[in-house]
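Enquirer: Sequence:
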Amino acid sequence: MFFPLSALFGKIIYLFFIGIDTIVYTFKIINRHFKKTKSSPKQAGNLPPIKRSDFIVKSGLLLASVPILALTRGFAFNLYKYQVNHLDLILPKLPKSFEGITIAQISDIHAGSLFNSTAVKKGIDLLLAQKPDIIFFTGDLINDFATEMEDYLSIFDKVKAPLGTFSILGNHDYGDYHFNRYHFFDQMNLTREQNLSNLKSIHQQLGWQLLLNESKELILNNEKITIIGVENWGTNNPKNYGNIDLAMSKVDKSSPINFMLSHDPSHWRAEIIPKYPTIDVTFSGHTHGGQFGYNNPNYQWSPVKYAYREWAGLYREKHQALYVNVGFGYLDYPSRVGILPEITIFHLKSKG
Numbered sequence: 015m016f017f018p019l020s021a022l023f024g025k026i027i028y029l030f031f032i033g034i035d036t037i038v039y040t041f042k043i044i045n046r047h048f049k050k051t052k053s054s055p056k057q058a059g060n061l062p063p064i065k066r067s068d069f070i071v072k073s074g075l076l077l078a079s080v081p082i083l084a085l086t087r088g089f090a091f092n093l094y095k096y097q098v099n100h101l102d103l104i105l106p107k108l109p110k111s112f113e114g115i116t117i118a119q120i121s122d123i124h125a126g127s128l129f130n131s132t133a134v135k136k137g138i139d140l141l142l143a144q145k146p147d148i149i150f151f152t153g154d155l156i157n158d159f160a161t162e163m164e165d166y167l168s169i170f171d172k173v174k175a176p177l178g179t180f181s182i183l184g185n186h187d188y189g190d191y192h193f194n195r196y197h198f199f200d201q202m203n204l205t206r207e208q209n210l211s212n213l214k215s216i217h218q219q220l221g222w223q224l225l226l227n228e229s230k231e232l233i234l235n236n237e238k239i240t241i242i243g244v245e246n247w248g249t250n251n252p253k254n255y256g257n258i259d260l261a262m263s264k265v266d267k268s269s270p271i272n273f274m275l276s277h278d279p280s281h282w283r284a285e286i287i288p289k290y291p292t293i294d295v296t297f298s299g300h301t302h303g304g305q306f307g308y309n310n311p312n313y314q315w316s317p318v319k320y321a322y323r324e325w326a327g328l329y330r331e332k333h334q335a336l337y338v339n340v341g342f343g344y345l346d347y348p349s350r351v352g353i354l355p356e357i358t359i360f361h362l363k364s365k366g
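All residue numbers for the sequence shown refer to this note's numbering, where the first residue is 15 and numbers rise by one.
Hint data in this document are derived by calculation from the structure and do not stem from the laboratory.
Owing to the predicted nature of the structure, the values given are computational and were not obtained by experimental measurement.
Be aware that a few hints might be false.
Claimed, not checked - In silico PhoX-like links for lysine-lysine, alpha-carbon gap of 25 Å or less:
1) Lys230 / Lys289
2) Lys264 / Lys107
3) Lys267 / Lys230
4) Lys363 / Lys107
5) Lys95 / Lys172
Based on the sequences and whatever the hints tell you, model everything.
Expert: Written out as structure tokens, the structure reads:
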């Protein structure tokens with residue numbers, strides 16, 4: 015999708031430029047009709063005249079090349095330009111034993127898209143250099159097939175933290191996008207169920223605690239917080255596997271802090287906020303930040319915002335929060351423009 019997408023952007027800009035120029039040119043003709051002024055020899059100068067048609071075409075082509083160049087630069091320099099974002103999470107009910115604990119979040123690895131294992135290893139080294147106490151992985155380890163992880167097992171095997179690494183599944187992990195649509199599974203003599211089972215085994219092999227509509231208590235000095243993981247659930251999904259009621263069924267009502275891992279951020283407003291006000295923070299991914307846009311502390315924009323109300327960064331609704339990680343990997347077009355791959359580090363605090 016890389017070149018078709020860049021070409022589409024180029025065509026849009028080119029047509030926009032031509033349209034604006036035509037409007038301006040029309041007004042100039044009307045203005046000349048009423049003013050009928052003549053240019054003096056001094057005004058004309060000695061330079062050869064530029065044909066209006068040449069000017070329009072060349073200027074339009076120049077502007078149309080901008081998105082192509084931007085996406086090309088995103089491919090060459092930004093795909094593995096991992097950014098570490100630090101964020102304080104203020105939780106008034108945080109147990110004293112968890113004060114200052116750090117959580118790292120990565121999401122959307124999409125192993126089938128990766129092609130530079132050296133760069134990926136540097137990204138994981140950067141993650142581990144932050145020395146997080148806990149690591150969350152919020153889904154989409156692969157594009158379609160568990161075998162995509164074969165070349166990267168030794169790298170992601172290092173993704174461990176003293177208090178545990180917790181993971182969930184994303185929409186791509188189920189294999190739904192190719193099963194029964196193409197014959198790849200048949201050629202591999204593999205069913206969708208076998209592929210999913212193999213993927214779950216990889217989480218276990220990596221030492222990650224895969225949460226499938228279930229919860230896990232984390233205890234320090236007889237104080238606890240609860241981590242809940244729900245299978246993929248989204249408002250735009252043709253099929254949802256997540257069951258938040260099942261995931262919350264064994265959560266102790268006395269748990270002071272509840273963290274939810276849910277791949278698709280649309281789940282937050284659709285089910286988490288209205289049904290479970292005891293969930294303090296939800297950690298999501300899925301959007302990739304659109305892999306194209308503008309993002310700084312004061313302003314962020316991406317076309318993906320028109321599909322997802324919450325698409326990158328921290329959001330709050332009363333006492334509940336959501337963080338959307340824009341992803342470690344990439345999908346479809348191999349480029350990132352303005353939205354760089356992310357490693358997020360959360361610092362748990364009871365006071366601001």
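Enquirer: Confirm or reject each hint.
Expert: Now for the hints, and whether the structure bears them out:
no. : hint            : in the structure
1   : Lys230 / Lys289 : 20 Å, holds
2   : Lys264 / Lys107 : 20 Å, holds
3   : Lys267 / Lys230 : 13 Å, holds
4   : Lys363 / Lys107 : 9 Å, holds
5   : Lys95 / Lys172  : 20 Å, holds
Figure legend: structure checked against the earlier numbered hints; every hint is met.
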